[in-house]
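Enquirer: Residue-level listing of the chains:
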Amino acid sequence: MSYKKHRAGALTALAVSVALLATGCAVDSGTGGTEGGGEGGGDLSITFVPKNLGNPYFDTSSDGAQEAIDEFEGTFAEVGPAEASPDAQVSYINTATQQGVGALAVSANDPQAICDALNEARDAGVKVVTFDSDTNPDCRDLFINQADAEGIAKVQVDLIAEQIGGAGEIAILSASANATNQNAWIERMEEYLASDYPDITLVETVYGDDDDQTSFDKTAALLQTHPNLKGIISPTTVGIAAAARYLSTSAFKGTVALTGLGTPNQMREFVEDGTVTAFALWNPADLGYLTAYAAKALIEGEITGEEGDTFSAGKLGDYEVGADGVVLLGDPFVFDAENIGDFDF
Amino acid sequence: MTATTTDTATVRTYRDFDRPLWQRILLTREMAIIALLVIVTIVASLTVRGFGQPITLTFLLLDVMPILLIALPMTLVIITGEIDLSVASMAGLASVLTGVLTQAGLPFEVAAIVAILVGAIGGAVNGFLVPVVGLPSLAVTIGPLALSRGLAVGLLGTTAVTDFPEFWTDLAKARVGNTNIPVVLFLFLVLLVVFTVLLHFTPFGRGIYSIGLSSEAARFSGVRVERTKFILFVLTGTVSALAGIYYTLRYGSARGDNATGLELQVIAAVLLGGVSIFGGRGAIHGVIAGVLLIGVLASALRLANVTSDVINIITGVLLVLSVVASSFLAWLRKRRRSPGRTPRVEASTAG
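So the protein sequences, as listed, match chains A and B.
Start counting at 1 in the first sequence, then tack on 139, and there's your number in my numbering.
Start counting at 1 in the second sequence, then tack on 725, and there's your number in my numbering.
Just to be clear, a hint being listed does not mean it is correct.
Computed footprint of chain A on chain B; a stretch qualifies when at least three of its residues, placed anywhere within it, have a C-beta under 8 Å from a C-beta of chain A [as the list claims (entries may be wrong)]:
1. 770-778
2. 781-794
3. 1014-1028
4. 1032-1040
Once the Cα atoms are required to be at most 25 Å apart in a straight line, the calculated DMTMM-like pairs of lysine to aspartate or glutamate come out as [what the hints assert, rightly or not]:
5. K898/B / D287/A
6. K898/B / E222/A
7. K1059/B / D277/A
8. K369/A / E411/A
9. K898/B / E411/A
Derived Cβ-Cβ restraints for the label pairs, each shown as a range [claimed, not checked]:
10. V857/B / A333/A: 52 to 62 Å
11. L938/B / D277/A: 56 to 66 Å
12. V473/A / L782/B: 45 to 55 Å
13. R261/A / R949/B: 49 to 59 Å
Think of the hints as simulated: they come from the structure by calculation, not from any bench.
Think of the CB as a built atom: it goes at the ideal place given N, C-alpha and C, for glycine as much as any other residue.
Modelling step: build the complete structure from the supplied sequences, incorporating the hints.
Expert: Right, here's the structure in full:
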């Protein structure tokens, strides 16, 4: 009789093992596919590590990257954490090092925390390109800058000045307080406001942490704290959409202006219902596309990331590497009721 | 019903001894998890490209190190039938404290010691509220979970401190000579020895098991229940703070959101390793295997370019299976002893 009991125990253990093996096998077939592709494309396997997955902005940039990689017949992979934290990115960067991919394209969640992992990857022969959000320059080969801080700051300040008539109180709803690019832009905005629009006062900068609910709540708080507020600039796609959602259902709709950086699909309904007149952005698909071509040029040894190197980026034309290994995508684009229908991303 | 109870009691006496030694050692839940770990590791090495190389070991150990560290005291806490949900927030707070104090000009070593002390104090607060005031630990430790995280984020905002002495940040990632074994593994091994001896080879450890089986019975047989739980919560707080400092050094960055969600990974690994959530059952070697199993799975799946959501799903399914498996086993045993069947005791005496 006692054997039966042991057999039951063993059977259960076996069942769990089999279930796990099955999972393992399912994964294997996936790997097989990736491997095959990788070998077919030679060294041109490029892994994209966005700040987090499930973010429409990075979905679009990855679409662009995929398009570029399909053009030069490389292997595209996108991995990343579910939440935008640097420690989770480190695991994925380490994984790419183990896989020995040709290049890594990373949008950094922290300029310092992922540095060691990136350098370890570079020591193992992986080319590292950052895009959208940079690390310290000594941790990567190239940074693909979506637009320079000057251009982005200027276009947003010009837009809000135009919408509020060049005078009054404005506030900024940013991403997290240590977001590399947002901070650089806000600094330039302050300088540009001081020099060109002395009648506009920036009363407060708040941080929505690129979280929809937090940004929504911070917008509500801003409007409560500053009754004379005439406009809000939100230099982040999550922030502007949350702020627009709040404004569109509040009494401030149409009286408090909102502009910043947003994507056409997120902002379409708010432009159509009059909450937002105009906003700006670059094309994230172009950003991903250019990043992929830059990675290819690095892998093939066409460029090394030195200032003055030039490479060709398919439909976008030729690009030159600037100081500190930075490649500039171009000027930001202004979306309004006239042209928003032409875009779908 | 009375008959069944008596029967169960009799069976218990026989159970541990009616099998040969090798069966008692090998046919346990812990061994099942260890076997699973071995199988998964072999399958992954054979089929996942890049998993078989030595560097995997380094990354794997570095990745699971905070979970391994916290799992040690957590195992003891869960065996007493309690739980500590505040460990990850405490690690985050320790990380931020180290960062803030270092930034304020204190030497890193002093900052780290202060952070560990704060961890011990935080644990002592839990250890006072749970057994002494007599509140359920699930409810009590949610408070420090929110409080420590709030303090951590409040102290540093969403900025990060990244300026730490290179000696320490290098040490957190250093390997022994030319091997792929991280130096930090030795810190873990020291703690492992301490906790294994404490749990499995001391009267204090036997007290932990008896509290988990029945707190009242343990009290009557002379176990100092409150003191034991207090010590365990202090240990958990201290080790969590230590893990937080390791976390800071490994990523070279003290942030308020460091180690967010780690408590669930720790508890999942402990339960997967065969520790009963109701207390009274479990062993350290099973827990280590549980932590490594989750680590190996995550590493292999990432190498196979599986997204993090799928990794979470698989870990979750594994956890559900492990819990269901043990309940299923218990149900099966109970069914065996149902009336109409020959009781096992008689069978063993007869045969």
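Enquirer: It remains to establish, for every hint, whether it holds in the given structure.
Expert: Tested hints:
no.: 1; hint: 770-778; in the structure: holds (count 6)
no.: 2; hint: 781-794; in the structure: holds (count 3)
no.: 3; hint: 1014-1028; in the structure: holds (count 6)
no.: 4; hint: 1032-1040; in the structure: holds (count 5)
no.: 5; hint: K898/B / D287/A; in the structure: violated, 35 Å
no.: 6; hint: K898/B / E222/A; in the structure: holds, 24 Å
no.: 7; hint: K1059/B / D277/A; in the structure: violated, 64 Å
no.: 8; hint: K369/A / E411/A; in the structure: holds, 20 Å
no.: 9; hint: K898/B / E411/A; in the structure: violated, 53 Å
no.: 10; hint: V857/B / A333/A: 52 to 62 Å; in the structure: holds, 59 Å
no.: 11; hint: L938/B / D277/A: 56 to 66 Å; in the structure: holds, 57 Å
no.: 12; hint: V473/A / L782/B: 45 to 55 Å; in the structure: holds, 52 Å
no.: 13; hint: R261/A / R949/B: 49 to 59 Å; in the structure: holds, 56 Å
The structure shown violates the earlier hints numbered 5, 7 and 9.
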